[in-house]
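Taken in sequence, the protein lines are chains D and B. Take the first sequence: its letter number 76 is residue 76 in our numbering, and every next letter is one higher. Take the second sequence: its letter number 11 is residue 11 in our numbering, and every next letter is one higher.
Treat the hints as calculated values from the structure; they're not laboratory data. Just so you know, even glycine gets a beta-carbon here, dropped at the ideal spot from N, CA and C. It cannot be assumed that every hint is accurate.
[What the hints assert, rightly or not] Pairs of lysine to any residue residues, derived as SDA-like cross-links and limited to a Cα-Cα distance of at most 20 Å, are as follows:
(1) B:K270 / D:S103
(2) B:K270 / D:S186
(3) B:K245 / B:R257
[To be verified] Not close to chain B: a few residues of chain D, all C-beta gaps over 10 Å, as computed:
(4) T9
(5) R11
(6) V61
(7) E130
[Said to hold, decoys possible] To give an idea of the interface, some chain D residues facing chain B are shown, with a C-beta separation under 8 Å as derived from the structure:
(8) A57
(9) A111
(10) L126
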Amino acid sequence: MRLGSALRTDRTDGPLLVPYVLVDRRRRAHLRPLVAALRAGGANALELGFPFSDPIADGPVLEAASGRAIAAGTTWGDLLDAVRVSSRILPTAVMTYANPVWSHGLSRAAAELHDAGASGLIIPDLSLEESAPWRHATRAAGLDLVLLAAPGVELERVRRIARESRGFLYLVSRYGTTGAGRAQGSAELAPLVRAARAGNPTLPVLVGFGVRDRSTANAARATGADGVIVGTALEEKIATGTPHAQISRWVRTLSGRPALHGGFE
Amino acid sequence: MGRRFGPYGGAYVPETLVPALEELDRAWQSSRHDRAFRTELDRMSRTLGGRPTPLYFARNLTRRAGGAEIWLKREDLVHGGAHKFNNALGQGLLARRMGKPRLIAETGAGQHGVATAMIGAALGLETEVYMGEVDMERQRPNVDRMRLLGAKVHPVRTGSRTLKDAINAALRDWIANVRTTHYLLGSAVGPHPFPSLVADFQGVIGREIRRQSVRSFGRLPDLAVACVGGGSNAIGTFHPLLHTKVAFLGVEAGGSRSGGVGAASLSRGKPGILHGSFSYVLQDRDGQVADTESISAGLDYPGVGPEHAWLHDRGRARYIAVRDRDALRAFHWLAEEEGILPALEPSHAIFAAVGEARTRPSSDRIVVTLSGRGDKDLGVVLGASG
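Required output: the full structure, derived from the provided sequences and hints.
So, in C-alpha cells, the structure goes:
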C-alpha cells in the first residue's frame, strides 16, 4: 500500500506515530523483532534511515549512530535488505540525504527501493526548488516523496510544499537538528499545520525533531498535526539494548492511544 | 545571477535554511547596485585590508624555471595574511546590512577563521569559528590569533576532524540560530548564493590582475594559476578573466601517497551533492563522502565549488593535482629564490606554475595567485624536513 493511503486510513483511528530506525549492518538480526515491537506499540509506519557521512540535519546522537553504521560497513545493499524485512510489517519510508540516492542514480535508486518494498522516500536536504527531478523519479517508481517544512518558512511556501509532498508532510518542530532541544511553541507551529492543510487538505501532517516522551508528543499533536515522528529518543533506547517489550510499551506512551495491557506478543 | 553553473550548484539544504539563503541573496543583489555599500567595501579593502595587492615579477624563480615569466599576485600581503579577507569583509558588511549581530564560520587552515575574527571585531559582530581538531593541532598559531581577536573557537571532533566536519558543525549552528546569525562561509562552495557571492567578493583579485598585468607587461597573461580547495582564490582569479583568452590552471592537493585521492575532487572525484551544492565530490560507491588527506589544511576538502566543476567539464579551465612533497619543494624554492614564505596551499600552485613555465617560451607570462603567507605553516614545514 502507498504510504499516504495507509496513513490516511489509520488516522481515522487516532493519532499517527512513525518511529525512525537507522539501518546498521551489525543490527540486522534485531530488525524484524524491533519493527514488530514498534508495530505492537502502535506505530503506523516506519522511517528507515540510511546513514550518510555528513548528516547536517542531525544532532549528536544520530550523527554518531550514522558514523558507527558506516564504519561497520553498512551499504545500500543492507538498506534494501532491511526494507525487505520491515516493509512486510509496516509501510516503510526510507530517509537519507540527497547524495547516497543521487550517487545510485535517481531512477535506479527509486526503482530498487520500490522493488524492495519501500513506499516512501524522505530527503532532509532537498529543498522545494531542487525537488522536481526527485518527484518525477519517485512518482515513476511508485514511491511517495515526502517533503519537509520548518519554522520560519513563509506560509505560502508551506502551502506549495504540501501540494508537492506525497505520503505525508514532515513538519520540523524547531530551529535545530534532530535530538534534544525544545520545539517551537504551538503558536508558531499551528499556522504551519493550517497552511499545509490549505495546500493539501488530505495530506497527513507529522511533526518530528525533539519528540522524546509523552509530553513532547502531546505538545506536537497540540499543533493540530496528525501525529509525530520519533527518532533520537528511540535510537538511544536501541543503542543501550532496551528489551523490545519495553520499547513497545514506551512507543505506546508516545502514540496518544490507551496503554496496552500485558506484553506486546 | 542564476542558481546553476551548467548542471552544477543549486541549494540542497533543509527548508529551515531557505529563508536565510533568500534573505542573503536579496541583500547581496541589492548591495551590488548600492553605491554606498560599494564605496564602504572599497574604502575598507584599501584602508583596513591593504588593497590593491601588488603583482610581483618573480625574476629569480623565472630564471630557475627557465621559460615563461612567472608573476605573483601577492594576496599574502592582504591584512591577515591571505585572500580570505576579501570575502570576510564583503559578507561581514552584508551581515551588518541584514541586521545579524552574530557571525559563524568554518575554517581549515585557520586563515578564513582569522579573517572572520578580524572583520567581526572591526564591525562589532560577535564571532564564533568551527575548526577541526586535526587542523587546530597543525595550524596552532591561527587558533591563537582568532582567540586574541575576540572570536570563540569551537573544536570539531566528529568525522575526519578537518574542514568538511567544521562546515557540518557550522551548518548545524546556522540551522539552530538562523534568525540572529550569518554563516560567513569561507569558500566558493555551499548552496546558492554562496558560490556566486564569494566569487564576486574574491573577484577583486582577477580585476586587479587584469589592470596590473596590462600596466606591468602591456597585456593580459597567457596563463593564470591558482590552488583549489573549495576554490575561492582560484574563482576570484579566473572569474573576471573568463571572457578573455587567458588560460586557467587550477591546482588541487594530491596528498602524500601515489594512487591516493588526496583532496583532488575534480581530478579524482565524481559529481555529487555535498554541503548544499551539486559539484564534484570524493566519495565511495554508496555516496559516502571520502576522508581526504593533504599536508595543507586549507585544501583538505572533499568537495569543490560548483563553478569550477562547470569550468572543468567545459574544458575552460584545466585542473591537476600536486603532491605534498612537490608543494614542499615549491615552498623552499620561493623562500630561497624570492625571500617569500608562501602558505602550503599556494605552494601547490607555485609548483605547477614552475612546471608550466618550463614548457613555455620566455615571451609567455604566467600569473600565480599567491593566496597566503606561510607563517602558519612553519611547524609543518620544519617537521617535514626534520
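Hint check:
1. Note on K270 (chain B) and S103 (chain D): the hinted pairing holds, with a Cα-Cα distance of about 9 Å set against a maximum of 20 Å.
2. With a C-alpha separation of about 44 Å, the suggested pairing of K270 (chain B) with S186 (chain D) is violated against the 20 Å cut-off.
3. For the given pair, K245 (chain B) sits about 35 Å from R257 (chain B) by alpha-carbon distance, which is inconsistent with the 20 Å threshold.
4. Its beta-carbon lying about 28 Å from the closest one in chain B, T9 (chain D) satisfies the requirement of being farther than 10 Å from that chain.
5. No Cβ of chain B approaches the Cβ of R11 (chain D) within 10 Å, the least distance being about 23 Å, so the stated non-interface status holds.
6. Distance check for V61 (chain D) against chain B: the nearest CB is about 12 Å away, which clears 10 Å, and the non-interface claim stands.
7. A beta-carbon of chain B is positioned within 10 Å of the beta-carbon of E130 (chain D); the least distance is around 5 Å.
8. With 8 Å as the threshold, the beta carbon of A57 (chain D) comes within range of chain B, its nearest partner Cβ sitting at about 5 Å, so the hint holds.
9. A least Cβ separation of about 17 Å between A111 (chain D) and chain B goes past the 8 Å threshold, and the interface hint is therefore violated.
10. At about 6 Å, the closest approach between the beta carbon of L126 (chain D) and any beta carbon in chain B falls short of 8 Å, and the interface hint on this residue holds.
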